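Same order as they appear, the protein sequences are chains A and B.
First residue of the first sequence: 1276, per our numbering; consecutive thereafter.
First residue of the second sequence: 204, per our numbering; consecutive thereafter.
Misleading hints may appear alongside valid ones.
[Claimed, not checked] Over 12 Å on every C-beta distance to chain A, these chain B residues come out as not near it, computed from the model:
id	residue
1	225
2	322
3	354
4	406
[Stated by the list, open to error] Sample of chain A residues facing chain B (criterion: CB under 8 Å; computed from the structure):
id	residue
5	1327
6	1329
7	1360
8	1365
9	1368
10	1372
11	1376
12	1388
13	1391
14	1392
15	1419
16	1425
Think of the hints as simulated: they come from the structure by calculation, not from any bench.
None of these values were measured; they are calculated from a predicted model.
Just so you know, even glycine gets a beta-carbon here, dropped at the ideal spot from N, CA and C.
Here is how the chains run, residue by residue.
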Amino acid sequence: MKLLEIKNLKKSFGDLEVIKDISLDVEEGQVVGIIGPSGSGKSTLLRCATMLETMDSGELIYLGEKAVTTDESGRAVYAPGKDLKRIQSYFGLVFQNFNLFPHYSVIKNIIDPPITVQKKSKDEAIEIGRELLAKMGLSHKEDAYPYQLSGGQQQRVSIARALALNPRILFFDEPTSALDPELTGEILKVIKDLAAENMTMVIVTHEMGFARDVADHIIFMNDGLIVEEGAPEQVINNPENERTKAFLNRFSNAI
Amino acid sequence: MDLSVLVLNLAKGMLVSFEIFILTLLFSLPLGLIVAFARMSDNKIIRNITRIYISIMRGTPLMLQLMVVYYGPYYLFEIPLPKGYRFFAVIIAFVLNYAAYFAEIYRGGIESIEVGQYEAAKVLGYTETQTFMKIILPQVIKRILPAITNEVITLIKDTSLAFTISVAEMFTAARAISAAQSSLMPFLVAGIFYYVFNFIVAFAMEWIESKLAYYK
Ligand SMILES: Nc1ncnc2c1ncn2[C@@H]1O[C@H](COP(=O)(O)OP(=O)(O)OP(=O)(O)O)[C@@H](O)[C@H]1O
Ligand SMILES: [Mg+2]
């Protein structure tokens, strides 16, 4: 089943065409890795998909439900608010810099969204929250505040926060870029564990080795376009496109 | 007049000062938030009207505003001043003035919250109201508390301005007694009252700040 379909997405900031024409599908259980040079539009693509940014034209479909369609004149038309609200519950997003709520304890960060948004009972939310914290190896930090945690721990809390709403598909925008190098491993491991549980994920990353290991499908973006895509071995080990080759060469030591 | 009578008389005035203080805060703190929203509105007209209002409130003396509010209705529209309007005039003028100051403080606080907080809340499915009430406002309050404390302390001292339209607050009482007895004693005692008032308020604000110090 297709969880996400993006068709002919276009997005400009003023005169700057950031996403020129991108289409992509994500199947249930698939892990898609998005790589590409800085400024190629990876974050913008994710922000359009998660509706943090309004797209100019194209289609955005989750589980067959249309969040965005395009009218005859080529302009994007968003579905009514209550439909968007439902569609929004299908996905989660993990940010580069976590964006935890600093005034909430670790457990409150995780349980407040299910209570506020999904109207879950507090007991039920706490049960889910504790289970996720245990899974993230953070049970002992339940009552800590975000500022008391390392970057890696904060990122694990933010992943737990996203998972607590039980999304069908989870987006990550460079989840390890804000971390000290020695802390990236713990996050990559969490994501690998999720992949092993068949969580559907779309991950923007600069970690080529990780992308190759965890992703079923790699997309290489350049200048607002998908330049090359396919199986990780193909795109990362034997790229055909010159730009992909040039980009990957810079990472060759890291793999 | 012995000291106990003097203190009693001043205490009565003190009560009026305290009323002005409480009522001003009660109305200007919420009103300031509304003004802050108007100041940040997407509507250019609302935004500019608010900007002018704030600039007038901050750019002219409170004493003048007080007189305009008190005498204005009579001189402009020949509306006779009802009994008891004096005290209302004080509250109206103080609330309008302080709401403007608070609005700028709120605005600074709201604009200092990282956009990532709004984005996280949005993706998690919070409504705009939930985002503001649960995520943004608590963080804003913590950040602006020191600035609010400054204004609150200033307000205590400003309550003495009510004497300009003869509202019998503490300073008015002190002046009357002092004139009758040619003594500076009433002013000294009034000064002590103001100081103690300030001290208690500063202590309370510090306590609130310490209560919010559990996170960074
Ligand atoms: N809100 C915005 N307003 C104007 N320009 C923007 C905005 N957001 C992004 N851009 C521009 O769009 C282009 C693509 O940005 P984007 O953040 O999507 O790139 P990226 O591939 O995620 O890069 P990086 O690897 O550095 O994160 C850049 O040139 C950026 O300056
Ligand atoms: Mg980016």
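Right, here's what the structure says about each hint:
Distance check on residue 225 of chain B: its Cβ is at least 28 Å (rounded) from any Cβ of chain A, clearing the 12 Å threshold; non-interface status holds. Distance check on residue 322 of chain B: its Cβ comes as close as 5 Å (rounded) to a Cβ of chain A, failing to clear the 12 Å threshold; non-interface status is violated. Under the 12 Å C-beta cut-off, the non-interface status given to residue 354 of chain B relative to chain A holds; the minimum distance is some 23 Å. Non-interface status of residue 406 of chain B relative to chain A is upheld: no Cβ of that chain comes within 12 Å, the nearest being about 24 Å off.
Nearest Cβ of chain B to the Cβ of residue 1327 of chain A: about 5 Å, under the 8 Å cut. The hint holds. Annotation: residue 1329 of chain A was flagged as interfacial toward chain B, and the flag is violated, the nearest CB pair being 12 Å apart, outside 8 Å. Among the interface hints, the one on residue 1360 of chain A holds; its C-beta lies about 7 Å from the nearest C-beta in chain B, closer than the 8 Å criterion. The interface hint given for residue 1365 of chain A is violated, since its Cβ lies 11 Å from the closest Cβ of chain B, which is over the 8 Å cut-off.
Against a cut-off of 8 Å between C-beta atoms, the interface hint on residue 1368 of chain A holds, since the closest Cβ of chain B lies about 5 Å away. Interface hint status for residue 1372 of chain A: upheld, as the beta-carbon distance to the closest one in chain B is roughly 6 Å, under 8 Å. Checking residue 1376 of chain A against chain B: minimum C-beta separation of about 6 Å stays under 8 Å; hint holds. A hinted interface residue such as residue 1388 of chain A counts as satisfied when its beta carbon comes closer than 8 Å to some beta carbon of chain B; here the least separation is about 4 Å, so the hint holds.
Hint status for residue 1391 of chain A relative to chain B: holds, with the closest Cβ pair at about 6 Å, below 8 Å. The restraint placing residue 1392 of chain A at the interface with chain B holds, with a minimum CB-CB distance near 4 Å, inside the 8 Å limit. A hinted interface residue such as residue 1419 of chain A counts as satisfied when its beta carbon comes closer than 8 Å to some beta carbon of chain B; here the least separation is about 10 Å, so the hint is violated. Of the supplied interface hints, the one on residue 1425 of chain A is violated, with its beta-carbon coming no nearer than about 15 Å to a beta-carbon of chain B, more than 8 Å.
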